[in-house]
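2 protein chains.
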Amino acid sequence: MTNGPSTALVQAGTIRPEDFGNHITRRLSSMKGQYLDQTAYERMLGQEDSLLYEVYELLRPEKEGELLSGLSIVHPGKVGNEYFMTKGHFHEVLETAEIYLCLSGRGMMVMETPEGDWSVKELTPGVSLYVPPRWAHRSVNTGASEDLVTYFIYPAHAGHDYGTIETRGFRKLVTEGADGPQIIDNPKWVEAAV
Amino acid sequence: MTNGPSTALVQAGTIRPEDFGNHITRRLSSMKGQYLDQTAYERMLGQEDSLLYEVYELLRPEKEGELLSGLSIVHPGKVGNEYFMTKGHFHEVLETAEIYLCLSGRGMMVMETPEGDWSVKELTPGVSLYVPPRWAHRSVNTGASEDLVTYFIYPAHAGHDYGTIETRGFRKLVTEGADGPQIIDNPKWVEAAV
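Chain order of the listed sequences is A and B. Using the numbering used here, the first residue of the first sequence is number 1, and each one after it goes up by one. Using the numbering used here, the first residue of the second sequence is number 1, and each one after it goes up by one.
Accuracy of the hints is not assured; some may be wrong.
Computed list of lysine-lysine pairs in DSS-like fashion (alpha-carbon distance at most 30 Å, straight line) [as the list claims (entries may be wrong)]:
id, chain 1, residue 1, chain 2, residue 2
1, B, K78, B, K188
2, B, K63, A, K121
3, B, K63, B, K188
4, B, K121, B, K78
5, B, K172, B, K32
6, A, K87, B, K63
7, B, K78, B, K63
8, B, K32, B, K188
9, A, K172, A, K87
10, A, K63, B, K78
11, A, K63, B, K188
12, B, K32, B, K121
13, A, K32, A, K172
14, B, K87, B, K188
15, B, K87, A, K63
No wet-lab data here; the hints were simulated from the structure. Please read these numbers as outputs of a predicted model, since none were measured by experiment.
Excised from the complex, chain A in its bound form:
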């Protein structure tokens, strides 16, 4: 972490993930119970613990006033007919926003609030998406062969709550249908206890 201003290259064609300090990888084994087709999940896992996505994050102090930024790279693929996706999370400090700028590839951001609102927005290169405070978010790569690369920025004190989604899931899933990506209800979604 430098004390002064620093730069990184993030535009398609010039992206340099190594400009970001922290490298996180997520494999199939870390997504237990998240995919609808459990038979397909177990069969795939038996063959290979595939790399689903990677995150590169600029190291900054995790305190109010700072920003955390980095690259999210979701690889192409499916578990059954459900696309590779990130775990998805609420922010621990719920009242914090996040911005995603799609740099390359094609995908969708699945979002929902604790109050029951949901939204799915398409991600294509050049799209900047504002995820308001209170909205959980998960990115899904709907491309056949290309990585979905997004550049994200959020308040550094936001933190991550992965547990709520791991337990309840998202209300909506993105699967491959006859005419391409489709948004379906998640039959395994669990309503929060009141």
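With chain A's structure known, arrange chain B on it following the hints.
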């Protein structure tokens, strides 16, 4: 302002400034005393109150946890041999960062802290610049004919302190020299009263 997630197009070739709600324009007359060559400034102003730069900003609540984002478009041109630039500012809440992503054009970000540190970073397409908390910042278009377009994001409670720079100036200026853009000491820079 929508309550839910919203999108805007910001990548070079697909930029849609109209996706952002608020449009701010800054003309030559608003930069009184900021350019080194006052004679050139007055002469230019006598001919036309030129548009120096424009800002498009997504309307969001200006409170902690939200992010303000938008496009900054600095037009090409010079006052004497000093390039068109933004007013530049500290954040009112000094301990807040900002991220600038250069989308098109070529320029420099001039930065300094109240403690006397300074830094000038080059902006070219794809460069993401982290401006840490405490650093005042001004973008300068060093291109001959192209707009300098950046996409900026900062904590929504940061606020703007333009007054300090208007009174004291930046320690460094960017002017056109024999070999292109050069960074020079600002002879009119005023040290802060202790």
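Okay, the hints, checked on the actual structure:
{"no.": "1", "hint": "B:K78 - B:K188", "result": "holds, 18 Å"}
{"no.": "2", "hint": "B:K63 - A:K121", "result": "holds, 25 Å"}
{"no.": "3", "hint": "B:K63 - B:K188", "result": "violated, 36 Å"}
{"no.": "4", "hint": "B:K121 - B:K78", "result": "holds, 19 Å"}
{"no.": "5", "hint": "B:K172 - B:K32", "result": "holds, 18 Å"}
{"no.": "6", "hint": "A:K87 - B:K63", "result": "holds, 28 Å"}
{"no.": "7", "hint": "B:K78 - B:K63", "result": "violated, 37 Å"}
{"no.": "8", "hint": "B:K32 - B:K188", "result": "holds, 13 Å"}
{"no.": "9", "hint": "A:K172 - A:K87", "result": "holds, 14 Å"}
{"no.": "10", "hint": "A:K63 - B:K78", "result": "violated, 40 Å"}
{"no.": "11", "hint": "A:K63 - B:K188", "result": "violated, 36 Å"}
{"no.": "12", "hint": "B:K32 - B:K121", "result": "holds, 25 Å"}
{"no.": "13", "hint": "A:K32 - A:K172", "result": "holds, 18 Å"}
{"no.": "14", "hint": "B:K87 - B:K188", "result": "holds, 16 Å"}
{"no.": "15", "hint": "B:K87 - A:K63", "result": "holds, 28 Å"}
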